[in-house]
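Peer 1: Below are the chains, spelled out letter by letter.
Protein chains: 4
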Amino acid sequence: VFNAFGKLVGSTQVNELGQLETPIVLTNTLGVWDAARALADWELAQPGNENVRSINPVVGETNDGWLNDIRGHHVRAEDVRRALESGAGGAVEEGSVGAGTGTMAFGWKGGIGTSSRRLSAAEGGYTVGVLVQTNFGGHLTMAGVPVWKELVPSGPAGMAGGPRPDRGGSCMIVVATDAPLDARQLRRLGARAVFGMARAGSSGGHGSGDFVIAFSTTRRFDADGGPIAAQPAPAESALSPLFDAAIEATEEAIDNSLLRATTVRGREGHTAEAIPIERLREILRRYER
Amino acid sequence: VFNAFGKLVGSTQVNELGQLETPIVLTNTLGVWDAARALADWELAQPGNENVRSINPVVGETNDGWLNDIRGHHVRAEDVRRALESGAGGAVEEGSVGAGTGTMAFGWKGGIGTSSRRLSAAEGGYTVGVLVQTNFGGHLTMAGVPVWKELVPSGPAGMAGGPRPDRGGSCMIVVATDAPLDARQLRRLGARAVFGMARAGSSGGHGSGDFVIAFSTTRRFDADGGPIAAQPAPAESALSPLFDAAIEATEEAIDNSLLRATTVRGREGHTAEAIPIERLREILRRYER
Amino acid sequence: VFNAFGKLVGSTQVNELGQLETPIVLTNTLGVWDAARALADWELAQPGNENVRSINPVVGETNDGWLNDIRGHHVRAEDVRRALESGAGGAVEEGSVGAGTGTMAFGWKGGIGTSSRRLSAAEGGYTVGVLVQTNFGGHLTMAGVPVWKELVPSGPAGMAGGPRPDRGGSCMIVVATDAPLDARQLRRLGARAVFGMARAGSSGGHGSGDFVIAFSTTRRFDADGGPIAAQPAPAESALSPLFDAAIEATEEAIDNSLLRATTVRGREGHTAEAIPIERLREILRRYER
Amino acid sequence: VFNAFGKLVGSTQVNELGQLETPIVLTNTLGVWDAARALADWELAQPGNENVRSINPVVGETNDGWLNDIRGHHVRAEDVRRALESGAGGAVEEGSVGAGTGTMAFGWKGGIGTSSRRLSAAEGGYTVGVLVQTNFGGHLTMAGVPVWKELVPSGPAGMAGGPRPDRGGSCMIVVATDAPLDARQLRRLGARAVFGMARAGSSGGHGSGDFVIAFSTTRRFDADGGPIAAQPAPAESALSPLFDAAIEATEEAIDNSLLRATTVRGREGHTAEAIPIERLREILRRYER
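Protein chains in written order, with our numbering: chain A, 1282 to 1570; chain B, 1282 to 1570; chain C, 1282 to 1570; chain D, 1282 to 1570.
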């Protein structure tokens, strides 16, 4: 947790037990409770879970209330179920999709972004993957270039009550790795992801509920919470390359969430423009990137 | 948080901001998400909140799945709404009521209990009130008397899969005071409540999700989170009498939750007996209490 | 950490890395820094550590300033060194010894106490041992008997500025186990020890800096922080018996610290009396213990 | 605490009570205990403190063992005392001074740096000042310019066992403000300072013990921990400009610690070069800064 002004359902139990019991679902702020209920129902309906009477769904959110009629509760249980059942390997959709459909970042259309890094064999050959749901403000910086000075979003700035490019919002960050980190080490890994946010230009504003959840795909538990034979956790001194990977992948995932987003028109004519790629390219060229 | 194996919805934001935005609702484990949604809806429907697009409902729970058909989701939005609207001052119902209808403690029927202490005028004259939802195990101890050695619950022990008197369950504790404590001091106050659990005989088992939430009735905030003129927070050295009060009131509230509970027959013939008051009285007398 | 009004040197790094780099030393409040320096020097002087330039000594304390001329800094580096080098297996000295020489608990002479529990083979056969340095107040309760009502310490109560039996002081608790718990599980184990304090009658006062440090003797690390082949950590659901053991052993260790303490006369004629064992025996008999 | 692989003496009590009892002293890793003792002695020797028997000195550190003969304990009690007594208002010395004499950052000579921001009158007119002790690695970035690609430190890279420019080390950050923030808000403020580290290029390595301590100059306490009449704490929504200020000032203070550092030759011929200002200027010009 960087800034707990947010509603990451299930996070306290994950911290206590070091275990995820369900997939992670992302949605909008006022949709977390319905999504948690739907996720719990889906999990309890799995074969073998007939007598389970406790489950800890994990649901993150950011507030897309500028574009989305968030009080209308348009995300329904069947949407959650469909998302859970259509999950698949391969490329991840990015931009104005899923829980990123209505989010905004730095005054532009934000959304879902992803990125990953693979360590060299000498460093363990592990992969760190990051997925972000960007909905925050600050001073947009790409590869160190102060994009915010050059490209000013026209939309919301011109609309009364629109989100300020330099403030607010939130960011949900999910970090996955196949390194066999234990829960304490995963906390350390997750903490680094906020460095990626900082580099992308986040202002860490009061209203930005910024949560990171990090998990390992190679450390699994049975229903009693007993470890299923895993490699031992790596030495602490072997973590630094994983930390680097988490920082870089987070920064790049944030960039990708903007670069892949498309302009979205939402409730009451509110509009969030996609960042203009061509002009961005020129700017980066000018700064020798 | 003593043991975060539980689902106190909204707790992370309360810790970050030090503010409650809604009443606190208690229910069963699988009902927290529906209750949170209902509580959020109710709050957003209050006059003046037409344009509010974020709210942090606080909902605690314990798992009453032995008596309650918890997978059936029988607590509905209208139940939450009715509870919110029928709230009133005066005596608090205790025992097998509300979120305590299906809970068990130490192998007996548990439930809702409450107690309070008032400090002397020299110590500030403040009141500390505690409400508990008891659903945990251990070795029942009243006023130091090892009741567990003398009175053995027959019900669940004799039923396959029933809750063990010495284990599991959870306890939700709400501590209210009119002392103008700030958020940091309220954390300190809440931490003491677990001493009351310990004295009542809780085993602090792995499965017992034990949460305390403490608030002050005299420290209020406006919609921006700005403080409404309050007395200054008391000196740290003045807190000890409040800590004593929280410990004593928590222990007594736990006792009351048992003493006021009535026998409840639940799903599939599962039964939880009320602790037999007359035999208890004899035992306490024998131990000179 | 239950109440961090205290000076457990080295605790933050232990939490981050989950590793102890040195033995744990206990002393008085104003002696922690000299003891930490001495402990660090001793560790750095071990063969093989010639090029080590960082070390995290762990030193706990309680404030014995009523009996001890604490501002005089009478514990010196050579005392720490001697303690480190004379460490041995076997029975542990209790009472008015070492860091417990000047401490007081419940208005009586406190000190060092220890106790342990062994789990049944079915529960893993593990041992949990607890060592306490008692220097706190409250309402002394032994095996549930309200000793405080029957036996009132005459000493300090009668002396101006003496420690109140019901307040203040601190407690250091060290929990050791041969169960192969990881750092997160050790935190959970340590948290239970405060239940033992609560049962012994601690008031959890503002001024009581209460720290628990729990470690496993079967989970070891090499100099890089890499795990040395260990059994896997047990399932969470197997922890409850260990929790019970920690609670019981802590309560008993606190009792032992009082029962083994001897009357000590300190600076300026201040005296702390040992609890009168014979009268205590009568009281416990009367309450059928 | 960002990464608690470090030894910030006194931090746990500051978190619990929300109060500093002494000035903050910075030194090297193996010198913290002597410095804490010296700081405690100095404070206890102040007029009026004759009967004080508890004090919580706060001492931070980074590890300068490459240049400094850290095992030699060359910082003595009289050095600490002199520093405490020569403290004065006005400009702050920066670079290779005090606790920054032997530190290195990004492969260059690091040290002490400072910077501040003042908010507009509309935002409260408050000042946020930051002081850093830089001793960490990563990829040096100034105003977004990837300096690390252009300027490679020759010194330590060429010496066996020298600190890697991209790793390790630590950073101590002290944030001071005249805004009347309470302890919870100061934690939030301090958390933002790590964004400044991230922007400067820190890799957040495993070995980097990164601590922030934030305090308010306008919220004072008497000896009992009672608040001395202060303005009320500001609304949470007013904190964002303070957060921005902390981020910017931290980044700039880190830059200043490098820009003001001078080349230092230490033990065994180890040398850390100051960053070459002229070449740096050219690079920044080339990137249009």
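Treat the hints with caution; some may be incorrect.
Claimed, not checked - From the structure, some residues in chain B lie toward chain A, with a derived Cβ separation under 8 angstroms: (1) Phe1286; (2) Leu1289; (3) Val1290; (4) Gln1294; (5) Trp1314; (6) Asp1315; (7) Ala1321; (8) Leu1325; (9) Ser1335; (10) Asn1337; (11) Gly1346.
What the hints assert, rightly or not - If you anchor each label on the Cβ, the simulated ranges turn out as follows: (12) D/Arg1562 to B/Ala1511: 51 to 59 angstroms; (13) C/Thr1499 to B/Asp1350: 40 to 48 angstroms; (14) C/Asp1360 to D/Arg1357: 17 to 25 angstroms; (15) A/Gln1327 to B/Asp1350: 16 to 24 angstroms; (16) A/Arg1546 to B/Arg1546: 56 to 64 angstroms; (17) C/Ser1435 to B/Asp1360: 54 to 62 angstroms.
Simulated from the structure, these hints should not be mistaken for lab results. Ideal Cβ positions, reconstructed from N, Cα and C, are used throughout, including at glycine.
Peer 1: So, for every hint listed, does it hold in this structure?
Peer 2: Against the structure, the hints:
no.	hint	result
1	Phe1286	holds (6 angstroms)
2	Leu1289	holds (6 angstroms)
3	Val1290	holds (6 angstroms)
4	Gln1294	holds (6 angstroms)
5	Trp1314	holds (4 angstroms)
6	Asp1315	holds (6 angstroms)
7	Ala1321	holds (6 angstroms)
8	Leu1325	holds (6 angstroms)
9	Ser1335	holds (5 angstroms)
10	Asn1337	holds (7 angstroms)
11	Gly1346	holds (3 angstroms)
12	D/Arg1562 to B/Ala1511: 51 to 59 angstroms	holds (53 angstroms)
13	C/Thr1499 to B/Asp1350: 40 to 48 angstroms	holds (44 angstroms)
14	C/Asp1360 to D/Arg1357: 17 to 25 angstroms	holds (21 angstroms)
15	A/Gln1327 to B/Asp1350: 16 to 24 angstroms	holds (19 angstroms)
16	A/Arg1546 to B/Arg1546: 56 to 64 angstroms	holds (57 angstroms)
17	C/Ser1435 to B/Asp1360: 54 to 62 angstroms	holds (58 angstroms)
Hint compliance for this structure: every hint is met.
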